[in-house]
Amino acid sequence: MDIKEEIRTALNQWLTAFNSNNIDTVIDLYDPEIVFANQSNPIAIGIPAVKEGLIKSFAVKPKLSFTEEQLIAVDGLGYAAGQYKMTGTHPGDGSTITGKGRVVAIFRKNEAGNWKLVFDMDNCPPDVTL
Amino acid sequence: MNQNLVDQVRNALDQWLQAFNNNDIEALMSLYDPEIVYANSAKPIEIGIPTVKQGFINSFAIQPKVLFKEEQAIAVNGLGYVTGQFKVTGTHPEDGSEVGETGRVVVIFRQNESGDWKLVFDMDNRPPDVNI
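Those protein sequence lines, which keep their order, are chains F and L. Under this note's numbering, the first residue of the first sequence carries the number 1, and numbering increases by one thereafter. Under this note's numbering, the first residue of the second sequence carries the number 1, and numbering increases by one thereafter.
One or more of the hints may lead you astray.
Here are the computed lysine to any residue pairs in the SDA-like style, where the Cα-Cα straight-line distance is at most 25 Å [what the hints assert, rightly or not]:
id: 1; chain 1: L; residue 1: Lys69; chain 2: F; residue 2: Ala44
id: 2; chain 1: F; residue 1: Lys4; chain 2: L; residue 2: Lys118
id: 3; chain 1: F; residue 1: Lys51; chain 2: L; residue 2: Glu71
id: 4; chain 1: F; residue 1: Lys85; chain 2: L; residue 2: Gly103
id: 5; chain 1: L; residue 1: Lys118; chain 2: F; residue 2: Arg108
id: 6; chain 1: L; residue 1: Lys69; chain 2: F; residue 2: Ile47
id: 7; chain 1: L; residue 1: Lys43; chain 2: F; residue 2: Glu69
id: 8; chain 1: L; residue 1: Lys87; chain 2: F; residue 2: Gly101
id: 9; chain 1: L; residue 1: Lys118; chain 2: F; residue 2: Ile3
id: 10; chain 1: L; residue 1: Lys118; chain 2: F; residue 2: Arg8
id: 11; chain 1: F; residue 1: Lys116; chain 2: L; residue 2: Glu71
id: 12; chain 1: F; residue 1: Lys4; chain 2: L; residue 2: Asp122
id: 13; chain 1: F; residue 1: Lys51; chain 2: L; residue 2: Gln85
id: 14; chain 1: F; residue 1: Lys100; chain 2: L; residue 2: Gly48
Keep in mind the hints are simulated off the structure, nothing from the lab.
From just these sequences and the hints, can you work out the full model?
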């Protein structure tokens, strides 16, 4: 598998774990130096801070879809950028919650040879069509 | 982590900041990778140097200056990035009033065949904790 496909695989593993709302499986995919730069929340640095945020977000049982716009990778570091769409269910009234935007996910290979998510940023520009 | 590579990427960002703050469009565009993707939070995605260049020509109308405060930097051979907070200030071209904005940004640099680091991805957002 070439390096670009390794990054796609790592991202797809993250998406699968996220869409299963399985916190331990998701967290296992993070680099210890993870920086989560969400557009709506203060920066979250490190796995404990990111885990706490994900636990809260899983209250709506979110599901994500992703469309790639750029992917670049070298040995040890790579990223995928693209559009995302999130749907969930309001825990109180059962109504559908949706959100969309653009995201970049940067992965770093650890000493064991596994790609881990080390940086994640999103925004909400006007051209997202997903 | 290779500290020397991180410093090379920081240096590339410093060159970008200097060119931007001089409002020097040609110096600025020489720092871009041909596959640049500019994912600004307030406008449609811009792909490629000609599109990004036109955007900067427009934005230089306010003679902008930017400050940057690093929050993370990671680099390996061939690819690296810096993220942090930014503050842009400028002057409205019609009434002379001060304009500006703050946010968070990530800039990813790729090393070309000549060994030079070029900006290949740039994304920003406007979270509530920016205090630069």
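Hint by hint, here is what the structure shows:
About 16 Å separates the Cα atoms of Lys69 of chain L and Ala44 of chain F, which keeps this hinted pair within 25 Å; it holds. Using a Cα cut-off of 25 Å, the hinted pair Lys4 of chain F and Lys118 of chain L holds, with the two alpha carbons roughly 19 Å apart. Only pairs whose Cα atoms come within 25 Å are accepted, and Lys51 of chain F paired with Glu71 of chain L is accepted, the gap being roughly 20 Å. Straight-line distance between C-alpha atoms of Lys85 of chain F and Gly103 of chain L comes to about 23 Å, which keeps the hinted pair within the 25 Å bound.
Distance check on the hinted pair: Lys118 of chain L and Arg108 of chain F sit about 20 Å apart at the alpha-carbon level, within 25 Å; holds. Between Lys69 of chain L and Ile47 of chain F the CA atoms are separated by roughly 22 Å; this keeps the pair inside 25 Å, and the hint holds. Using a Cα cut-off of 25 Å, the hinted pair Lys43 of chain L and Glu69 of chain F holds, with the two alpha carbons roughly 16 Å apart. With a C-alpha separation of about 23 Å, the suggested pair Lys87 of chain L and Gly101 of chain F falls inside the 25 Å cut-off, and the hint holds.
A distance of roughly 20 Å separates the Cα atoms of Lys118 of chain L and Ile3 of chain F; the hinted pair therefore holds under the 25 Å criterion. Restraint check for Lys118 of chain L and Arg8 of chain F: satisfied, since their Cα atoms lie roughly 23 Å apart, inside the 25 Å limit. Taking the CA atoms of Lys116 of chain F and Glu71 of chain L, the gap is near 19 Å; set against the 25 Å cutoff, the hint holds. Between Lys4 of chain F and Asp122 of chain L, the direct Cα distance comes to roughly 19 Å. Compliance with the 25 Å bound is thereby established for this hinted pair.
Proximity of Lys51 of chain F to Gln85 of chain L is assessed by CA-CA distance (about 23 Å); at most 25 Å being required, the pair is judged to hold. With a C-alpha separation of about 24 Å, the suggested pairing of Lys100 of chain F with Gly48 of chain L holds against the 25 Å cut-off.
When held up to the earlier numbered hints, the structure conflicts with none and fits them all.
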